[in-house]
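Visitor: Please model the complete structure; the sequences and the hints are all you need to start from.
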Amino acid sequence: MSKQVMSRNDLVDGGRRVWTRAEQDMLVELALAGHVAEEIARRLGRTRTAVGYMANRMGGRMAHPGGWTPEEEAHLGRLIARHGVRNVRVIARELGRSADQVNLKLLHHRAAPARLRNCMACQTLFRSEGAHHRLCADCRRGDGLPDGW
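Just so you know, my numbering puts 70 at position 55 of the sequence shown, and the rest follows in order with no gaps.
Because the hints were derived from the structure by calculation, they are not lab data.
From the three backbone atoms N, C-alpha and C, an ideal C-beta is built for every residue, glycine too.
A hint or two may mislead.
[Unchecked claim] Derived CB-CB ranges, DEER-like: (1) Leu131 with Arg156: 12 to 22 Å; (2) Gly157 with Arg36: 34 to 44 Å; (3) Arg142 with Asn102: 20 to 30 Å.
Guide: Structure follows, in structure tokens:
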């Protein structure tokens, strides 16, 4: 069947609405945040089947309803440091996750792993997410800032 334009925003291919890049990005974002397929489908105005199919085509599967815990994410970082990002099956096995779930998570994993740093304001040791993350949570909120900051 040929493509026909229903409206400016709804390109149809064989009776199916074509996924836009924005919808695909939102699918990944919501899946990584731990939302289940039904919730993602509702937010995107799609069916649960369409969401699952697109997630599969993008190289991932829908994460289980609990999403990723902070402990799993920390363990993922340690496993990446030990095995490298190309050993997805080994990492998935050690995490108790599928390789597809790990691949989807790695799509948005930061290149520079978090590390311990001293806060520039109060000198407390904290987990820094990157080069420009130099204040601990208390100092960012203003709770622990010394005079003059």
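Visitor: Now look at each hint and say whether the structure bears it out.
Guide: Hint check results:
| no. | hint | result |
| --- | --- | --- |
| 1 | Leu131 with Arg156: 12 to 22 Å | holds (20 Å) |
| 2 | Gly157 with Arg36: 34 to 44 Å | holds (38 Å) |
| 3 | Arg142 with Asn102: 20 to 30 Å | holds (24 Å) |
Comparing the model with each numbered hint stated earlier shows that all of them hold.
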